Amino acid sequence: MTSSKKIGITLGHTPYGSDLAQEALDATLAMGLFGQDITLIFWGDGVFQLLKSQNSESVHQKSLEKQINAFELYDIERVFVCAQSLEQRNISTSSLCTDAECLSPTEIQKVLSTQDTLLSF
Amino acid sequence: MSHSILHTVNQSPFTHSALQQCLCYAQESDSILLLENGVYGALLKHSLADKLSGKKCYAIEADLKARGLLGQELTPHIELIDFIYFVELTTQHKLVQSWY
Amino acid sequence: MSIVVNDSSIDTDKEGYLKNLSDWNEKVAIEIAYQENIELSDKHWEMINLIREFYTNFELSPAMRPLVKFTATKLGKEKGNSIYLMQLFPGSPAKLLNKIAGLPRPKNCL
Amino acid sequence: MIFSLLVLSPPSSQASSSAYQFANALLLQKHRLYRVFFYHDAAYNGSSIQCIGQGEFDVAKEWDKLQQQHSFDSVVCIAAGLKRGIINKVEALRYEKAAHNLRNGINLSGLGELADATVKSDRLITFGG
Numbered sequence: 001m002t003s004s005k006k007i008g009i010t011l012g013h014t015p016y017g018s019d020l021a022q023e024a025l026d027a028t029l030a031m032g033l034f035g036q037d038i039t040l041i042f043w044g045d046g047v048f049q050l051l052k053s054q055n056s057e058s059v060h061q062k063s064l065e066k067q068i069n070a071f072e073l074y075d076i077e078r079v080f081v082c083a084q085s086l087e088q089r090n091i092s093t094s095s096l097c098t099d100a101e102c103l104s105p106t107e108i109q110k111v112l113s114t115q116d117t118l119l120s121f
Numbered sequence: 122m123s124h125s126i127l128h129t130v131n132q133s134p135f136t137h138s139a140l141q142q143c144l145c146y147a148q149e150s151d152s153i154l155l156l157e158n159g160v161y162g163a164l165l166k167h168s169l170a171d172k173l174s175g176k177k178c179y180a181i182e183a184d185l186k187a188r189g190l191l192g193q194e195l196t197p198h199i200e201l202i203d204f205i206y207f208v209e210l211t212t213q214h215k216l217v218q219s220w221y
Numbered sequence: 222m223s224i225v226v227n228d229s230s231i232d233t234d235k236e237g238y239l240k241n242l243s244d245w246n247e248k249v250a251i252e253i254a255y256q257e258n259i260e261l262s263d264k265h266w267e268m269i270n271l272i273r274e275f276y277t278n279f280e281l282s283p284a285m286r287p288l289v290k291f292t293a294t295k296l297g298k299e300k301g302n303s304i305y306l307m308q309l310f311p312g313s314p315a316k317l318l319n320k321i322a323g324l325p326r327p328k329n330c331l
Numbered sequence: 332m333i334f335s336l337l338v339l340s341p342p343s344s345q346a347s348s349s350a351y352q353f354a355n356a357l358l359l360q361k362h363r364l365y366r367v368f369f370y371h372d373a374a375y376n377g378s379s380i381q382c383i384g385q386g387e388f389d390v391a392k393e394w395d396k397l398q399q400q401h402s403f404d405s406v407v408c409i410a411a412g413l414k415r416g417i418i419n420k421v422e423a424l425r426y427e428k429a430a431h432n433l434r435n436g437i438n439l440s441g442l443g444e445l446a447d448a449t450v451k452s453d454r455l456i457t458f459g460g
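Chains as they are written, first to last, in my numbering: chain S, 1 to 121; chain Y, 122 to 221; chain V, 222 to 331; chain Z, 332 to 460.
Accuracy of the hints is not assured; some may be wrong.
[To be verified] Sample of chain Y residues at the chain Z side, in silico, Cβ under 8 Å:
| # | residue |
| --- | --- |
| 1 | Asn131 |
| 2 | Gln132 |
| 3 | Leu156 |
| 4 | Phe204 |
| 5 | Val208 |
| 6 | Val217 |
| 7 | Tyr221 |
Keep in mind the hints are simulated off the structure, nothing from the lab.
Just so you know, these numbers come straight off a predicted model, no measurement behind them.
A virtual CB, placed ideally from N, CA and C, is assigned to each residue, including glycine.
Next comes chain S alone, as it looks inside the complex (with noise of 0.2 Å):
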């Protein structure tokens, strides 16, 4: 598939009470397998999918932790999270999964802006 659409994916809600954010990285995984340009943007509670130290096998569920680090290789890059939500939820860097570039609002209203579609998730 040929494309040179950009496709921002926004990730806004918590990873195990429902299995929407598992839908979501399984969405984002296969646009990666088919060659789309992603662009990943974690805000609100959506950033706590990015927490290290997931242990979700008692819940009976996949780890997203453990999913979120092949991300380099389903070919998905650019990933951003947003410092203002990591700071009302009190989470510093450090407790993150991945080294997700760390943006504010505003720049990651630019973010958006250069995107040609968002699934919003």
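Start from chain S and add chains Y, V and Z according to the hints.
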């Protein structure tokens, strides 16, 4: 294109942070559309009403009507629209971000 | 459907994936591979171990591209390419490897 | 303009009917609807065996009618559908299930169809919640 993002919000600001989130990332040139339970955000005096009044804002009239809100005090600058106009708005904005 | 290993029967689905992932062991791998007309050599085993490592690390049954990338990282470019994998596992290497290594059937289009 | 919709909500949620109304409105305005992709809990929209009370709005039936008039592509994500028990004949055979229930006119297909829709459409609108 004068506007960049149309933000849709379909959750009540009294139980959910969707509207607050939306206001955090919406730029001057963006627009906000309240629909479904999001139309409770059109009520005049909730904590985000002031911030909302600085933005170009629309609400689905049928959703306000369904919830008995048309007789209540609403933020005056919110424009009441139907789905035809909703479609029109999506053509006028480059992107749509859905908050739910 | 089932395969027989050491006189005991092991359930598989219609496409040969194990129904219970915990049934997997080396003998089971040899039998699944045999069903696919593949005789396992050391080179095959290297890849089977590698894809199991992939699954342990990422909880994903890899498609071709991530598998190739991962192989290149771990074993170098000579092995981390689709031609090498096609030679070992002809047809659809990622699918065959997931099956032989006793991993879940890849989610559709993942 | 060419539109596609990403629907994430089940028929029991109002977002599902909003998506339908949006589709209806865009087709009335002579825009083109390329694909509706039912994902996450929206997969339930693919069931043919829901029984909606008389006099109540049956969103699935309305989607059917709209699709017959305008022949756009309707897809339930296969992974999301299968795990929610939305299954067609082919998959029922593959997974050895006794019944199948996917509505006529809807395809069970992969996330590649979503990727394709983002490429082929001028606007992709998400309906969630």
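Do the hints match the structure? See the list:
1. Asn131: Holds: closest Cβ of chain Z sits about 5 Å from Y:Asn131, inside 8 Å.
2. Gln132: 6 Å, holds
3. Leu156: Result: holds, 6 Å to nearest chain Z Cβ.
4. Phe204: Status holds, d = 4 Å.
5. Val208: Holds. Min distance 5 Å.
6. Val217: The hint holds - Y:Val217 has a Cβ within 8 Å of chain Z, the shortest such distance being about 5 Å.
7. Tyr221: 3 Å, holds
Hint check: no violations occur; every hint is consistent with the structure.
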